[in-house]
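Trainee: If you want the building blocks of each chain, they are given just below.
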Amino acid sequence: MPATAATNTFRAGPDEDGHFGSFGGRYVAETLMPLILDVEAAWSQARSDPDFWSELRSYHVQYIGRPSPLYLASRLTEHFGGARLYFKRDELNHTGAHKINNVMGQALLARRMGKTRIIAETGAGQHGVATATACALFDMECEVFMGAEDVERQRPNVDRMRLLGAKVHPVTSGSATLKDAMNEALRYWVSTAETHFYIIGTVAGPHPYPQMVRDFQSVIGEETREQMLRAEGRLPDTLVACIGGGSNAMGLFYPFLDEPEITIYGVEAAGHGIDTDAHAASIAGGRPGVLHGNRTYLLQDDDGQITEAHSISAGLDYPGIGPEHSWLHETGRVQYVSATDTAALEAFALCSRLEGIIPALEPSHALAFLATIIGDLPKDHLVVMNMCGRGDKDLEAVLPRLDAMGLL
Amino acid sequence: MSDRLSRMFARCAAENRAALGIFITASDPDVDTSQAILDHLPGAGADMIEFGMPFSDPMADGPAIQASSQRALRAGGSLARTVGMVRRFRDRDGTTPVVLMGYYNPIYSYGVARFLDEAAVAGVDGLIVVDLPPEEDEELCLPATRAGLPFVRLAAPTTRDSRLPAVLRNASGFIYHVSITGITGTRAVPTDLVRDAVARLKAHTDLPVGVGFGIRTPEQAAAVARVADAAIVGSAVVTAIAESLDADGRAGERTVPAVLELVGSLAGGVRDARR
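Chains as they are written, first to last, in the numbering used here: chain Z, 2 to 409; chain S, 114 to 388.
Bound conformation, chain Z alone (with noise of 0.2 Å):
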């Protein structure tokens, strides 16, 4: 359980109304106000509730295939010729990222509220998958909101979530992509909200949701930090991770924020590069706003409209981060960085042929970063990726760029 009241820390957050510095909150029209009152009335209860949690951790073992490993990717390590390279291997949780953590959770609180049908987003379509696979062992009916652009280029996910039972519901609004989809599941959510839990798949969103999918992300930090003293008798010195939403950085940062000696980044998508309009680095290109219930750094133009965002990667292709993300950046506790499409293009094929591990695009990306760094770390130092999600839904989309590259 986070801890909630220690001064000088960076793990207080959210007050009550769900504000981290001035981001978060509950930016939401009135009709779907009283059901978030009531999400959060339900969480609140769970939160301090030991058999909520220890049913959570019992689908962690038995369901998920938790903990997962924390593994020295000694070939890259090699390769690089610097820090000691770990990845927290997220990508081999059931249904093959980070996002199953979060859905286990809130659809376990669902079902606590006596709700039955679930809405969801999704970008590359992982959360969506997860989404549904949870809806097929809890027996209740799934509803996904997939941007029209992301159903094309992330076809497998479409066609799991089919056969897991959901409805998937493609969005041509606007970009047709991430951003879009949470418009649509928002609107679905307003004209059902008696009947509908909204299980959001990131550290976004009005309280409580980026508090409720911090802590049920926190699961990656807290078993790296006990993974680790076993490794290497102590901890990391630097923790990377992509960031969309930011709800697989949340997760691995969390546990170690009040850490001071530990460098933390997040990578953001860069694109085609952060000087262009084409990427998805709302801290490093972005100010903030307010969108999606809560304020945080935001892709806009300067009369305050959303600007679509690009990403190779669908699951970072959100013009907006996650609003604990935006106060850790204001602090100064985690550093944003990013890493652009080909960088990340690259990462993805050195780290299938030196590790035998396709990584999805989006955790391609902190590897993309780490690269430009870690040559110039010593070798002692220790530096944990999360490989929060696995490449076989992105192998479409990739080849043939790859072949175009001469990386095949």
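Honestly, I wouldn't trust all of these hints.
[To be verified] Covered stretches of chain S (chain Z as the covering partner; in silico rule of three or more C-beta atoms under 8 Å from a C-beta of chain Z):
hint : segment
1    : 185-192
2    : 264-272
3    : 289-295
4    : 313-322
It is worth saying that the hints were derived from the structure and are not from the lab. Note that CB positions come from ideal geometry on N, CA and C, so glycine has one too.
Following the hints, position chain S against chain Z.
Mentor: Leaving out everything else, chain S in the frame of chain Z:
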């Protein structure tokens, strides 16, 4: 400022009728056409205008108003332009209240203090900001009220009695009852439920109660007008704009008249409702 709103409601009450509120999105389908529609709405029978501030991600709106917002943004719509259009409207109309309606981010981006100053000077009479519930009143509701701009609160079918005092606490201008559990323009107003909903609100507030989300026809407007202080129509109006456009999405000579004819028929419904 707020005087225009309260005088309008008093005027309608004296005539024993409800007010007709008409929503259009500023700059839809283009700035000049939108200004022409705005300028002529009072003459066509609108008692109050909800002037939409276009936004890229209108999360409480259905397809019709989403499309309207997109047309406005493509035509160069912006918050500054929206306020400017109200200023021009005020050159010719000093009595019809104009309430700006939209989402918070463009206002936050513009700067709350600057926005409130300019909106008040331009002759704006109130604000409806969909994604600011009472939990976030410090953001805009309280500063707006201090600046003399009423902050119109939405109440929904999901708003329970226990929550009503919080919803009504800092409300001013009027209360906007969202008649359906859903987004704009996607379901018909349940006229049988509106009477009780309005009565419930009236038991908690002396402010006028307007009803919107789902009124499309003069008959529906009349049914609402029998029990509420205002009937508000939006999606049907912007749909009339959409249907008048040519294949390239440009306004034609039918655009302004099509909207004004619809408003005229809605006004007829509202004015005959209690006879």
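Trainee: When I compare C-beta atoms, does the segment 264-272 of chain S have three or more residues closer than 8 Å to chain Z?
Mentor: n = 7 at 8 Å, threshold three: holds.
Trainee: Given that the segment 185-192 of chain S was listed as covered by chain Z, double-check it with a C-beta distance under 8 Å for 3 or more residues.
Mentor: That given contact holds, which follows from 3 residues of the segment 185-192 of chain S lying within Cβ reach (below 8 Å) of chain Z.
Trainee: Check, residue by residue, whether the segment 313-322 of chain S contains three or more positions whose beta-carbon lies closer than 8 Å to a beta-carbon of chain Z, and give the verdict.
Mentor: Since 0 is below three, the answer is violated.
Trainee: Confirm or reject the coverage of the segment 289-295 of chain S by chain Z under the rule of 3 or more residues with a beta carbon closer than 8 Å to the chain's beta carbons.
Mentor: Holds: 3 residues of the segment 289-295 of chain S have a Cβ under 8 Å from chain Z.
When each numbered hint is compared with the structure, a violation occurs for hint 4 only.
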